[in-house]
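Student: These protein sequence lines map, in sequence, to chains Y and U. Per numbering that gives the first Met the number 0, the very first residue in the first sequence carries number 0; after that it's consecutive. Per numbering that gives the first Met the number 0, the very first residue in the second sequence carries number 0; after that it's consecutive.
Hints in this document: simulated from the structure, not taken from any laboratory. Remember, it's a predicted structure, so these values are computed and weren't measured experimentally. Heads up, some of the hints might be wrong.
To be verified - Label pairs and their computed distance ranges (CB to CB):
hint	chain 1	residue 1	chain 2	residue 2	range
1	U	72	Y	197	21 to 27 Å
2	U	154	Y	124	37 to 43 Å
3	U	305	Y	197	53 to 59 Å
4	U	154	Y	178	21 to 27 Å
5	Y	22	U	281	44 to 50 Å
6	Y	24	U	41	26 to 32 Å
7	Y	48	U	77	51 to 57 Å
8	Y	119	U	7	28 to 34 Å
9	U	292	Y	110	48 to 54 Å
10	U	63	Y	119	22 to 28 Å
11	Y	22	U	63	26 to 32 Å
As the list claims (entries may be wrong) - Some chain Y residues close to chain U (C-beta under 10 Å, calculated; not the full set):
hint	residue
12	120
13	187
14	188
15	189
16	190
17	191
18	194
19	205
20	206
21	254
22	255
A virtual CB, placed ideally from N, CA and C, is assigned to each residue, including glycine.
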Amino acid sequence: MPPSIRACVMAAVMSDGLAELRRSALGSRSFMIGGVLTLSFIAIALAALIWTPYPVDEIVVPRRFQGISAAHWLGTDQFGRDLVSLLMAGAVNSVVVAIVAVGLGLGIGVPLGALAAARQGWLDEVLMRANDFAFAFPALLSAVMITALAGPGAVNSIIAIGIFNIPVFARLTRGAALVIWKREFILAARVAGKGPLRISIEHVLPNIASLLIVQITIQFALAILAEAGLSYLGLGTQPPQPSWGKMLNEAQTLMFLAPQLAIFPGAAIALSVLGLNLFGDGLRDILDPRLRRER
Amino acid sequence: MALLSIENLCVETGDPEAAYRLLDGVNLSLSRGECLGLVGESGCGKSMTALAIMGLLPRGMRARGRILLDGEDLITAGEERLCALRGRKVAMVFQEPMTALNPVVPIGRQVAEGLRLHLGLTRHEAEQRAAHSLGRVGLSTDRFPLSLFPHQLSGGQRQRVVIAMALTCGPELLVADEPTTALDVTVQAQILDLIDEIVEEYGMGLILITHDLGIVAQSTDSMAVMYAGRVVEEGPTAEVFAQMAHPYTRGLFAAMPSHATGSGAATGSRTETPRQRLVTIPGRVADASFRPEGCPFVSRCGFATDHCSSEKPLMRALAQGHGAACLNLSPEGDVR
Chain Y
0 MPPSIRACVM AAVMSDGLAE LRRSALGSRS FMIGGVLTLS FIAIALAALI
50 WTPYPVDEIV VPRRFQGISA AHWLGTDQFG RDLVSLLMAG AVNSVVVAIV
100 AVGLGLGIGV PLGALAAARQ GWLDEVLMRA NDFAFAFPAL LSAVMITALA
150 GPGAVNSIIA IGIFNIPVFA RLTRGAALVI WKREFILAAR VAGKGPLRIS
200 IEHVLPNIAS LLIVQITIQF ALAILAEAGL SYLGLGTQPP QPSWGKMLNE
250 AQTLMFLAPQ LAIFPGAAIA LSVLGLNLFG DGLRDILDPR LRRER
Chain U
0 MALLSIENLC VETGDPEAAY RLLDGVNLSL SRGECLGLVG ESGCGKSMTA
50 LAIMGLLPRG MRARGRILLD GEDLITAGEE RLCALRGRKV AMVFQEPMTA
100 LNPVVPIGRQ VAEGLRLHLG LTRHEAEQRA AHSLGRVGLS TDRFPLSLFP
150 HQLSGGQRQR VVIAMALTCG PELLVADEPT TALDVTVQAQ ILDLIDEIVE
200 EYGMGLILIT HDLGIVAQST DSMAVMYAGR VVEEGPTAEV FAQMAHPYTR
250 GLFAAMPSHA TGSGAATGSR TETPRQRLVT IPGRVADASF RPEGCPFVSR
300 CGFATDHCSS EKPLMRALAQ GHGAACLNLS PEGDVR
C-alpha cells in the first residue's frame, strides 16, 4: 500500500489500529458482498487475458443457438460463438475502458479541483463555472455527442466517459480541499515555507485520499454502465471486439428465440455495477467512521 | 542591529476609503537572544501581529509600515522570498498542537519536510536531522519512532513535535503564539522551559504571545501590552511589572486570579474567607469598525478625562526603554 493510503486508513481507525479495521471490514455486509463481486469480476477479466474456453471470435455456424450444456456452459450465440468466452472478453473490455476513463477523470479533475481550492478567487470561479457547464449535460448525452462528433469507437468512448468524469472529481476535490485548507496544519505548513503546490500534494491530497478512493469505485461502476450504454447504441466498442453492451444490442432482435443471449450479458453488467457500488459504499463506511455512526 | 524591528505597522481590511484598522501603528523591536512577551486580551491584535510578521495575513487584509528582519523589509518582499524565509529564518509554534500537525503524515516526515525544502537534504539526511531535532525536544527515537502518527501522541508530546518542526532549520526568530494555552498546567511549565532552553542554545529571538502574565514574568526580557491594535505600554518586563503605568496594564494585572490574600484576608478568619469575585475590566474591546478618535481604551478607563476621547495618545518615554501611551501620565509614570 502507498504511504498516503496507509496513512488515511491509520487515521480513520485511530488508535484502535488494524484489528478494528479488520473487524469493521468483516462486519460490513455490503463491503464483503461488493468485494467478492468486484474481485471475481476483475479475476474473470484477468483470466480472459490468458485463457477463454473457446477462441472469442471463432464462428461455427452449425453450433449456433445452443442452450446450456457441458461443452458450452452458457450456450452459443447466433454465430455459434461461445457465450462464456464472449462474456469473459467483454469483462476485459469493460475493465480497460473503466480504468482508462476514470484515470482520465482523476488525472485531470483532481489537479483542477486542487488548483481551484488553492488559488480561489477568479480562477476558482472560472474553473467551477466551467465545471457546472459540463455537469449540466447528462453524462451519457454528452458522451453520445462526443462520439457523434469524433466518430464511434472504443477510444472515443473512453475519452467521452473520461470527460464526464472530470467535473465529478474536480468538484469533489475542491470541496474537500477547501475544508482542509482551513485547518491549522496548513497554516503550519505555510509557516514552514511551503508553497501552494507542495501543500496541495503533501498535506491536502493525503487528507482527502479516502474520499477519492470511494468516489473512484463509484465512478468505475458508472463508467462500466456508460460503456455498455454507448456500445449498445453502436457508438462504443466496434465489432468484432466483444462488449457487453453490444451483446445486448445483438440479442435484442433474438429475445424470444434465445433469451439467454440477453439475460447473461445483462446480468454481467448488473452484477459488476452492483458489486462496485456495494464495495464503494462499504469502503466509505470503513474509511470514515464518523459517517457510519451518524446512520 | 536589531534582529526584528517593526515600525508603524498598520493592518487594514475593507474599502481603502473606509478601512477598518486592525493594527494601528505598532512599533516593536527585538534583538538576538532576547525574549519579547506580547500580552493583551482576545482580539487586541497579538496574533495579527504574528501573522503580519509571517506575511500570512488572511485574504483581504493589507499591511503598511515596515517589518525589518535583519534589515530586510518583509512587507515589500515577494511571496517567493517569503517562502524561502519562512521556516528558514522565521518559524512559528502554534496554540493547538492537535490541529497544527497533519493527522495523516508521520511525525518524522513532518519534521524532515522543512529540511528537505530549505536545506535541500536527501530523504535520509533529513530524517537523521529530524531524529536529532526530535531527540532535542525530548522525543528520542528509541521510544518515539519517526513513523508515529500525531494521534498516537499526547498533547504535550505533539507540542514538542511542533517545536521540533520550528527549530529544525535553525531559525533566527521564533514566534510562539500561545504555545501553552491548550496544554495542562504541569505540561505548560515543561514546554516553556524547553522553549527557553532552545532559544538560549540557538541564540534566536523569541516573540512569546500569551495572555498569561505569569508566563510573561517568568520567561520574557521585555514585554509589550497591546490593546485594540495598538501597543499601549512597553519596556523591560521587570520595569513594566514594577510600575504598570498604563491604566489598561493595571486592569490586566488586577484581573489576574490570585491566591494571595487580598481583600478576603481583611474580612477575618482564613477558613471562612468568602469566595471573591474575579476582578474584571468593565466593557469590552471597541469593535474595529467604530474605534474612537482618541484613546481606544477611553470607554473602559477609570482615569479618562475629556481630552482622552479626542486626542490620540502617543508613546511617552518614562524610563530607559519603558514607555506608555496615555495622556494622563505624569513624567514619573503615575496616572493623574
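Student: State for each hint whether it applies.
Tutor: Hints versus structure:
no.	hint	result
1	72/U x 197/Y: 21 to 27 Å	holds (25 Å)
2	154/U x 124/Y: 37 to 43 Å	holds (40 Å)
3	305/U x 197/Y: 53 to 59 Å	holds (56 Å)
4	154/U x 178/Y: 21 to 27 Å	holds (23 Å)
5	22/Y x 281/U: 44 to 50 Å	violated (57 Å)
6	24/Y x 41/U: 26 to 32 Å	violated (45 Å)
7	48/Y x 77/U: 51 to 57 Å	holds (54 Å)
8	119/Y x 7/U: 28 to 34 Å	holds (30 Å)
9	292/U x 110/Y: 48 to 54 Å	holds (51 Å)
10	63/U x 119/Y: 22 to 28 Å	holds (24 Å)
11	22/Y x 63/U: 26 to 32 Å	violated (58 Å)
12	120	holds (8 Å)
13	187	holds (5 Å)
14	188	holds (8 Å)
15	189	holds (6 Å)
16	190	holds (4 Å)
17	191	holds (4 Å)
18	194	holds (5 Å)
19	205	holds (5 Å)
20	206	holds (6 Å)
21	254	violated (52 Å)
22	255	violated (57 Å)
Of the numbered hints given earlier, the model fails hints 5, 6, 11, 21, 22; all others are met.
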